[in-house]
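**Q** What follows is the residue order along each chain.
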Amino acid sequence: MPRKISVPATAAVLSLLGVALTYSHIALAVPVGVLAVLVAPGLSVQHLLFPGSQVSGAERAALTVGLSFAIVIVVSLGVNAVTKLTPQTWSLALALITCASAVAAAGRTVTDRSQRSARPAKPPGARRGAAIGLSVFAVLLITAAFSLAVRGASHLAARSHFTEAWLLPSTRDPGLAVFGLQNREGHRVTYRVVVQGKHRHVVRQTQVTLNNDGWWRETMPIPPARRLIARVYLADRPTAVYRVVKLAGGG
Amino acid sequence: MTVRALTRYTRRRARPDIRGTAGRWRLRTVGMVSRLSRPQPTDLEALPQEKPVFTHTVHRAERKSELLIPPAVSTLALSAAGLLLIATAYWVGPFGAPWKSVVYFAGQLTIFLPAAYWLVISRTPTRNDRIGLVVVLFGALTATKLLYSPLEFKFSDELQHWRAATDILTSGHLFHNNFALPISPSYPGLETVTTAVASLSGLSVFAAGVIVMAAARLLMALAIFLLFERAARSSAVAGAAALVYVTNAHFQFFDAMFVYEAFALPCAVLVIAVVARRWPGPRANYLAWAAVSMVCAFVVIISHHFTSWLLAAFLLFLTPFAAWRPKRDPRPAVMALFTLAGIALWVRYVAPLTLQHASPLLTTLSELTHPSYAGASTAGRAAKPLFDQLFSAAAVVTVMLGVALGFVLARRAYRGSPLALALAASSLAYYGVVAMRFAPPYGAEISGRLMPFAFVPVAFVLAVALGSSKLRRLLKRMHAPVALVITATIFLGGLVSSWPPWWERLPGPYAAEAFERSVDPPSVQAAKWVEMWLRPRVPPSVHTAADVTNSELLTTYGALNTAYDVAPLFYARTWGSPQRAFMIANNIRYIVVDKRLSRYRPLGAVSYFSGGSKDHLPTPIPAGSLTKFDRVTGAARIYDGGDIVIYDMKGALHAP
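Quick mapping for you: the protein sequence lines, in order, are chains A and B. Taking our numbering, the leading residue of the first sequence gets 134, the next gets one more, and so forth. Taking our numbering, the leading residue of the second sequence gets -17, the next gets one more, and so forth.
Derived from the structure by calculation, the hints contain no laboratory data. Fair warning: there could be bad hints in the mix.
[Unchecked claim] Think about it this way: if two alpha-carbon atoms lie no more than 20 Å apart in a straight line, the pair counts; the simulated EDC-like pairs of lysine to aspartate or glutamate are:
1. A:331 - B:625
2. B:610 - B:625
3. B:577 - A:318
4. B:510 - A:346
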């Protein structure tokens, strides 16, 4: 297949894959989705507009990204005016434009044989080998740098240990309250929850064990006085109040 | 017969009868054959021959590189090593290792200096090598920002656009309310592309945003190289100018962020590069180029207001140069009119908030004409280290001198290039941008925001100055080290005077009101809890009171509307009628208290709270002032995350 036809054809195939692989496994969806949005539309449209060798490689690359941005934005404005922006509408609209321009570009290229450009000569084997080797080394270093950065950021975030407790009136029934507890202590924790109404009347008392990032929710009736206080204790420090939340009349 | 022999033959034949029609024809033939005899840089605008600044490279554009390893690849390997050094500095940052800053700056220079050597000093690289070097340099410096925060957006501007993109993704529609940045939904270019990537790939908004910004950075690298190449007709000047451009203060962090300006700027540069380009071929091709420039200008118009204004301004500025010499070119004028019309229509029908949003700029510009504008207040902030102050000042002085020299040289060297002359003339705006730093109240902020735009022409004239034959003759063998020192000084000066500030240049543990260092899991989780549990119950007109950092997180992660200038509510030692009246007047129902404000002084700001809080000293708030809400009758303590507590004050406002 001539190179000038194969490029828009590849763009069209990418955009069609974008339609087919919506909601597929992330390993497939990520490369196809990214290319279908950021590369394929611009690639096919710029090959339609400039089929010959009048545009350099750098210019083609810039136009590919710039036109992809433009097409996605114009398509989004159009789709937003008609219907919702969903993965289906986005992928279908982009595929439509990409395939249409790819077909038109292929037709225009076939009739315009005079403007074919020569392929750049490949560099000698030793030079290519050294470049590939050094590039692989660079990729390894970059991977190591990002691993270190991710590890550092994770380590910094893991230094914050806390537990969230909340108490809110239910949205479904104003006579009910929702109590919630979420463990972000970085390890498994056992809590004792004591919920009291007016005059320290115990409404509910229970012990909850949560893994890290685990949560617990309980719906309970709000007493007529609409006063409700939930105190949370850690099992290993049973006398010290760890968290307090309350509804006090106005909540 | 070879081309060279044909040239010699034609010259000999032309000399005797140089006058008359035949002579002129032969001279044209000589010129044409001479031009054919040397490899041509591709797709450059045909301009009269001028004395090139980088004389050694203009006619070597298409020759093959003789190096075993291409410069871009060796620079990539060194840049990767530099990134590893920076990641190491970021990793040890929170532990307070004394050598961490040395490792950080060593990493930065490991990225910058090899590229500077190849792009400013060496005569070896070909045009393709230079493009590769520019792409590697832009990519590596973009990666440093990602290394700073590799798991989530932490910069407040990024969080504002994260909110806008998340709203589009969840609702499927554009133009939502955004309490964090009300103007951003009216300019949805960045968010639209990001949500398209997120939708089709299944990635999070953060990951999709990183990919989109990487693509925008690639576009910037290519577009700015092509722009400078058009102006100078030299890939060497283009490479050097692109290198100088990365030394601007906002390049490495702010312009690599997930913000609409960083997305729109590459498209604006592409528009200028396309307009300045020759549009050869049949009428269909002319129309194709016109369509490309218009559609890219449209992207700028609906992506960022300020960038679109500056694009229109530069195209207008370019118009007289293009109309004057060497041939009348109406394209800048047409594109300027198109851009202005697009801006007017967009502001009139879609983004009427724009003018209100732009009022700080207008205020600052009016203040500049006021005689007492000097001396912007930085009282209350910690002083910069001496190293930062020295390099910051040295960079500004060097650039100011370089602009003056480059302006003179560029005017002489590129008399036939309208784009080069327009760039040279517009580089003088740098002095105004620097002066704007001293104009209160928003001068420093706006000056910083203008720098990425002002540095486009500045980079061009500085590159011209660095590569000038006069400088080479003057410095002789010292030219290479002096050029490297100059570029490295500007680079380091930009680095130390930009974002993030020196006290959070390396990531560290929590600090109060310290921008990114205040964005930690307790605050973020509280804001996410607000979005999940509170947002569905709260109408948009209801406000929440919080300190600066938590306000930013509540408006972005929490999607709640927050009140401005709420310091009196928090500083008061007791609850009483004034506080109740203040809350009712500002329609405040929820109060978010960060207990850490009683233990930490504000590190990055003069106050814990936004607005006119000058009456309140930047000392830690007394603990009793923060816990007073526990004792208020009718106040509901609905969330307790340890350091962060949220109160629903509805009952307290109507309590007797």
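**Q** Take the hints in turn and mark each one as holding or not.
**A** Now for the hints, and whether the structure bears them out:
| no. | hint | result |
| --- | --- | --- |
| 1 | A:331 - B:625 | 27 Å, violated |
| 2 | B:610 - B:625 | 15 Å, holds |
| 3 | B:577 - A:318 | 18 Å, holds |
| 4 | B:510 - A:346 | 14 Å, holds |
Hint compliance for this structure: hint 1 alone is broken.
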